[in-house]
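Here is what each chain is made of, one letter per residue.
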Amino acid sequence: MSDIISQDSHSFFKQEVVRAENLRKTFLLSRKQQRLEKTNAKRKIAVDGLSFSAFGGEIYGLLGPNGAGKTTTLRMLSTLIRPEGGDAFILGHSICKDPAKVRDCIGFMTGELRLEGFFTPDYLFDFFGAMHGIDKNALHERKEMLFRKFGIDRFREVKVSELSTGMAQKVSLVVSIVHDPEVIIFDEPTNGLDVLTAKVVTDFLAELKAMGKSVLLSTHIFSLVEKLCDRVGIIIDGKMTAEGTLEELCGGASLEDTFFRIYRGIKGDTL
Amino acid sequence: MKLLALIKKEFRRFFHDPRLLLTVVLPGLFIFALYSVIGSAISGNATYEYNVYVVGQSQVVSAIEATVKESGSTVRWLNGSEEEARKAIEERQADACLVFSDQFDTAASGAQVELIYDLSNEKSSAFSSVASPVLHAYGMRFSFVATSVTDEQNFGREVIANMIPVLVVAFVFSACMSVTLESVAGEKERGTLGTILATSVKRSQIALGKVIPLSCIAALGAASSFLGVMLSMPKLMGMNLATVAGSYGFVSYLFIFLLILSFVPLIVSAVTAVSTYSRTVKEASGYTSVIMILVMVVSLVTSFISAGDWFVAVPVLNSVLAIEAILRGNIMVWQTLVSVAANIVYTALLVLLIARMFSSERIMFRK
Ligand SMILES: Nc1ncnc2c1ncn2[C@@H]1O[C@H](COP(=O)(O)OP(=O)(O)O)[C@@H](O)[C@H]1O
Ligand SMILES: [Mg+2]
Numbered sequence: 001m002s003d004i005i006s007q008d009s010h011s012f013f014k015q016e017v018v019r020a021e022n023l024r025k026t027f028l029l030s031r032k033q034q035r036l037e038k039t040n041a042k043r044k045i046a047v048d049g050l051s052f053s054a055f056g057g058e059i060y061g062l063l064g065p066n067g068a069g070k071t072t073t074l075r076m077l078s079t080l081i082r083p084e085g086g087d088a089f090i091l092g093h094s095i096c097k098d099p100a101k102v103r104d105c106i107g108f109m110t111g112e113l114r115l116e117g118f119f120t121p122d123y124l125f126d127f128f129g130a131m132h133g134i135d136k137n138a139l140h141e142r143k144e145m146l147f148r149k150f151g152i153d154r155f156r157e158v159k160v161s162e163l164s165t166g167m168a169q170k171v172s173l174v175v176s177i178v179h180d181p182e183v184i185i186f187d188e189p190t191n192g193l194d195v196l197t198a199k200v201v202t203d204f205l206a207e208l209k210a211m212g213k214s215v216l217l218s219t220h221i222f223s224l225v226e227k228l229c230d231r232v233g234i235i236i237d238g239k240m241t242a243e244g245t246l247e248e249l250c251g252g253a254s255l256e257d258t259f260f261r262i263y264r265g266i267k268g269d270t271l
Numbered sequence: 001m002k003l004l005a006l007i008k009k010e011f012r013r014f015f016h017d018p019r020l021l022l023t024v025v026l027p028g029l030f031i032f033a034l035y036s037v038i039g040s041a042i043s044g045n046a047t048y049e050y051n052v053y054v055v056g057q058s059q060v061v062s063a064i065e066a067t068v069k070e071s072g073s074t075v076r077w078l079n080g081s082e083e084e085a086r087k088a089i090e091e092r093q094a095d096a097c098l099v100f101s102d103q104f105d106t107a108a109s110g111a112q113v114e115l116i117y118d119l120s121n122e123k124s125s126a127f128s129s130v131a132s133p134v135l136h137a138y139g140m141r142f143s144f145v146a147t148s149v150t151d152e153q154n155f156g157r158e159v160i161a162n163m164i165p166v167l168v169v170a171f172v173f174s175a176c177m178s179v180t181l182e183s184v185a186g187e188k189e190r191g192t193l194g195t196i197l198a199t200s201v202k203r204s205q206i207a208l209g210k211v212i213p214l215s216c217i218a219a220l221g222a223a224s225s226f227l228g229v230m231l232s233m234p235k236l237m238g239m240n241l242a243t244v245a246g247s248y249g250f251v252s253y254l255f256i257f258l259l260i261l262s263f264v265p266l267i268v269s270a271v272t273a274v275s276t277y278s279r280t281v282k283e284a285s286g287y288t289s290v291i292m293i294l295v296m297v298v299s300l301v302t303s304f305i306s307a308g309d310w311f312v313a314v315p316v317l318n319s320v321l322a323i324e325a326i327l328r329g330n331i332m333v334w335q336t337l338v339s340v341a342a343n344i345v346y347t348a349l350l351v352l353l354i355a356r357m358f359s360s361e362r363i364m365f366r367k
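Top line first, the protein sequences correspond to chains B and R. Each residue of the first sequence is one higher than the last, beginning at 1 in my numbering. Each residue of the second sequence is one higher than the last, beginning at 1 in my numbering.
Next comes chain R alone, as it looks inside the complex (with noise of 0.2 angstroms):
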């Protein structure tokens, strides 16, 4: 009853605080607006010259060109075989491919074209977005196909794998700092929390009622950058990831959302645990910011390392490798449920100690 009094007050404090809720659901937009920019800056302004092969012949070629040109780029093309332009595209000597079937633009029926690309290098992504709409404009008289010469669904994990991790880190940190701090060190210094203290609730609950509701709000923000990037991702990386994301089955997805579900506690609570050790807010951001540094090296350094099965036992290292092995598709199902299982543990720890530090005459009420 008293700990449901606390986390409602906690809700009601942030709910009702245009400012704070900004401070939380704001990243989100910015990471938006910045990616959608970068990403049409990529592909929109600077001048570059296209390397493309062409095997066979067609009119279709100089509608292209004037496309292209129209976007301040420009085209040379190459003349070649298709297995030549191939290993020149999986070199990145070539940009891309037009292969187009004889008489293409005679023949009255079963004409093809080919544009050969490759996902993973950024200006061949460019030009084939540039490139396909035009040929599909000329579609009612031959079929088209794009063929990457990477495979999508592997590029597409092994992009998001490398990403989300560290952006999960990023994004739960982020959400978590501004109301912790604001909530637990913002309360010490103020001495809102010494009137809570001088009343007979428990020190465990007083615990409980800030990392609960806490936990939530820093939750509530990390998904809000998270939706940030998935929706500004076509635009930056020119890929759609809603055909990666659709080839995860249910047991990945499940186990990524208990891996964060158990991590963003962890987070909360040793902010929360350093905010309450600070006598002011500045102390308190010190802290933490030092916290976030560590938090992000280890978050980064997962592909320099390999990983034995020690992992489970580090916090931050054992969410990030097991949500990056999941998504490159090898789900470890009894090295996430131990890493759960780790979170929560360390996380009853923090709460614990964070209970005892309220009960300290030397940590709540020095001078």
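Extracted from the complex, chain B is given alone in its bound form (with noise of 0.2 angstroms):
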């Protein structure tokens, strides 16, 4: 009884870390993705209108099925791409109005932003702490302690090309939040990955939120979203459709139930 109090009243005074207002983004497309997509249109709309909030220390999913528009999502927050229309605030930045902002104060993970194999992980984490322009000191402090958390100590001065998966995993993400971001947006963060490295990813994840840091990520898998999240947003065709915490989503039903049945609502029966 006490711990749903507490809960409540913390939650009261959560912060607001990332804000989406009607993000909107549209692709051109070139013949041959018109061919593979079977339209005529000249344009795409990947993201429609796309409102959200995510609160501090927590883990909010966007969740979708694959050409929702998250990972296009995602890389508007992170400023590698700009909204067409509307705008997001990550701790107060805007988006559009301050990219330099917004990127020191999160730490993207995509499987398209990949570390030089050329070199070493204490090299790569130097490098992209002086790309941050983080002081020497504190560099070589957070560098110690993280990859002793992590356990990447022993293969300081191994060449990430010659690092097993998992390991490489491990230093990808140490390296993307050298500059000890506030908040972490992860694009499809078990993709692709064996179940070695997916566990080493989660934990990660887990670990970042133990800390108190905010984490938000994308996928298509209900089981990541009911292991990892706080509060989850079903996207479909570049629109939100549901939002809140899985206990307001669900009310009891599997996420995979109150899925389909959101997107039945939406699409009809043809799956």
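Keep in mind the hints are simulated off the structure, nothing from the lab. The C-beta atom is built at its ideal place from N, Cα and C for all residues, glycine as well. Heads up, none of these hints are tricks.
Restraint ranges, calculated between C-beta atoms of paired labels, are given here:
{"hint": "1", "chain 1": "R", "residue 1": "D17", "chain 2": "B", "residue 2": "G49", "range": "45 to 53 angstroms"}
{"hint": "2", "chain 1": "R", "residue 1": "A33", "chain 2": "B", "residue 2": "R148", "range": "47 to 55 angstroms"}
{"hint": "3", "chain 1": "B", "residue 1": "G49", "chain 2": "R", "residue 2": "F365", "range": "18 to 26 angstroms"}
Cut-off 30 angstroms, straight-line C-alpha distance, at most; resulting in silico cross-link-like pairs (BS3-like, lysine-lysine):
{"hint": "4", "chain 1": "B", "residue 1": "K143", "chain 2": "B", "residue 2": "K227"}
{"hint": "5", "chain 1": "R", "residue 1": "K2", "chain 2": "B", "residue 2": "K136"}
{"hint": "6", "chain 1": "R", "residue 1": "K2", "chain 2": "B", "residue 2": "K101"}
{"hint": "7", "chain 1": "B", "residue 1": "K143", "chain 2": "R", "residue 2": "K202"}
{"hint": "8", "chain 1": "B", "residue 1": "K267", "chain 2": "B", "residue 2": "K227"}
{"hint": "9", "chain 1": "R", "residue 1": "K202", "chain 2": "B", "residue 2": "K101"}
{"hint": "10", "chain 1": "B", "residue 1": "K97", "chain 2": "R", "residue 2": "K202"}
{"hint": "11", "chain 1": "B", "residue 1": "K101", "chain 2": "B", "residue 2": "K143"}
{"hint": "12", "chain 1": "B", "residue 1": "K239", "chain 2": "B", "residue 2": "K97"}
{"hint": "13", "chain 1": "R", "residue 1": "K202", "chain 2": "B", "residue 2": "K136"}
{"hint": "14", "chain 1": "B", "residue 1": "K136", "chain 2": "B", "residue 2": "K209"}
{"hint": "15", "chain 1": "B", "residue 1": "K149", "chain 2": "B", "residue 2": "K136"}
{"hint": "16", "chain 1": "R", "residue 1": "K8", "chain 2": "B", "residue 2": "K149"}
{"hint": "17", "chain 1": "R", "residue 1": "K2", "chain 2": "B", "residue 2": "K159"}
{"hint": "18", "chain 1": "B", "residue 1": "K239", "chain 2": "B", "residue 2": "K32"}
{"hint": "19", "chain 1": "B", "residue 1": "K44", "chain 2": "R", "residue 2": "K282"}
{"hint": "20", "chain 1": "B", "residue 1": "K42", "chain 2": "R", "residue 2": "K282"}
{"hint": "21", "chain 1": "B", "residue 1": "K159", "chain 2": "R", "residue 2": "K282"}
{"hint": "22", "chain 1": "B", "residue 1": "K101", "chain 2": "R", "residue 2": "K8"}
{"hint": "23", "chain 1": "B", "residue 1": "K149", "chain 2": "B", "residue 2": "K14"}
{"hint": "24", "chain 1": "B", "residue 1": "K136", "chain 2": "R", "residue 2": "K8"}
{"hint": "25", "chain 1": "B", "residue 1": "K44", "chain 2": "B", "residue 2": "K267"}
{"hint": "26", "chain 1": "B", "residue 1": "K159", "chain 2": "R", "residue 2": "K202"}
{"hint": "27", "chain 1": "B", "residue 1": "K32", "chain 2": "R", "residue 2": "K282"}
{"hint": "28", "chain 1": "B", "residue 1": "K209", "chain 2": "B", "residue 2": "K14"}
{"hint": "29", "chain 1": "B", "residue 1": "K97", "chain 2": "R", "residue 2": "K2"}
{"hint": "30", "chain 1": "B", "residue 1": "K267", "chain 2": "B", "residue 2": "K32"}
{"hint": "31", "chain 1": "B", "residue 1": "K143", "chain 2": "B", "residue 2": "K199"}
{"hint": "32", "chain 1": "R", "residue 1": "K8", "chain 2": "B", "residue 2": "K143"}
{"hint": "33", "chain 1": "B", "residue 1": "K38", "chain 2": "B", "residue 2": "K267"}
{"hint": "34", "chain 1": "B", "residue 1": "K199", "chain 2": "B", "residue 2": "K159"}
{"hint": "35", "chain 1": "B", "residue 1": "K14", "chain 2": "B", "residue 2": "K97"}
{"hint": "36", "chain 1": "B", "residue 1": "K143", "chain 2": "R", "residue 2": "K2"}
{"hint": "37", "chain 1": "B", "residue 1": "K42", "chain 2": "B", "residue 2": "K239"}
{"hint": "38", "chain 1": "B", "residue 1": "K159", "chain 2": "R", "residue 2": "K8"}
{"hint": "39", "chain 1": "B", "residue 1": "K149", "chain 2": "R", "residue 2": "K2"}
{"hint": "40", "chain 1": "B", "residue 1": "K97", "chain 2": "B", "residue 2": "K209"}
Using the hints, put the two chains back together into the complex; each one sits in its own frame.
Here it is, written out as structure tokens:
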């Protein structure tokens, strides 16, 4: 009983760390893409007026099928691409007006961004620390702490290309939080990973949450959301269709059933 | 600070990777090996009949003939006056002429022999290099001079002026090509450039962080190729470059240095720009070969065009023409300085363009 009250009062004071307002993004389709998508439309609407909020210290999951616009949304939030409409704020910084500030307070992880395999974890950590303008002493301390915590210590002088997949993944994760970002954005955290590496990643995310960080992730895997996320937003065809805590959304049913109920409500019975 | 880290990263990538290092230094070694082989092939194997005038008489002639025969060639001795001989050599009807003083073999002192040849004629030079040592071996008893019908210094300068600028362009280009393609298009293709773009570092710094170190590496590669040519030159041309090289003053070298110094970053930033634009290394190397052909054509046409003052505004052409003029011995002060300034301006514009491309999602993050 007292537990519930303290949780509630806690969430009452929760800080909004990510706020997306009416985000919109379309892509010009090339001939080849038009043929692949079986359409004559010149533009594809990838994200269509998307709004949501994620709170401090929580893991927020964007759940949706392939092509729903999850990756596009996260690329906009991490300032790799610009929205055509709307805006989003990370710790109050606008992704449109202040992208450099946003970059300094987020860590973005995605399969699309990689580390040069030629360099060692030790060097890459220092290099990206310098890219974020981190003071040398602070950087050194943080490196020792993170390397020890994630077991990279012994491999610090081994080229990333020569590391096991799991260890290389750990290095990517650690390097992306070199600047101690408050918000971590992660596109499809476990996609394409073997079970051991996937566990490395999910443990890492839980660890970040324990450190008091906020995580925003995208996925199409129900179990991942159930295991990790505090709140979830269901995104279909670039639109936010339902949002809330798992409790609020499912009300006892499984997430999978809930998802398909919502999906049918929008798309009809054609799966 | 961030710029420094970016520059250091490129150097580290380069100097710690033997494969990359080799792609830059190898052309120099290759040129040296190739030119040395060509050089000895020209002067060595082919049989040839030398036409040589003899004015006066000496036994030495048969010693020379024997030496020539050892190398597989023969000599046809011709009679005539020194004037006839000079004329024939200049017209390339004959290869050389030996002028002996009276009583050459028997005179107790004051005997003289002169070898007249043509430095600009390959065969003539070859005969001179066979005959001279033989005469030197007899040198205790008489004085020996070898004179060329063409002025050595002018000839050397002409050769150098025709050859060096084209080589500079070719070497700079080939040296910058492999590293720049690998470092820019390669990083883009592998997704490692994106990781840097996701940080707060300024796009202009990322652009400079590529162009500055890559220019240094390209300059190094070009220097290595250059050294290769210089070292193999004596073997290839049968001429000693040191005497010609020593005939240019400090200002000439300074100006050439400035021109090359401003030319390297220009080429590097051009290749960086197309590498940034391209999706893959393959696409980038396609575009780059087109630029290379254009640049080589421009550097080769210089001998066919009569350039007015407008040339200082044309990249590549301005540097090639200015270097050529300096090597011919006429230093053109304002043209050189304006060319250097133009190179710097073009480079700056390209760096801005590269920075713009780094902030363009259409170019950096299209699928
Ligand atoms: N660069 C692009 N060019 C054209 N279409 C794109 C591009 N990026 C994404 N899309 C399209 O936008 C839609 C949303 O894509 P995405 O955000 O990757 O979805 P998700 O990550 O949810 O699978 C898809 O239909 C996809 O084909
Ligand atoms: Mg995706």
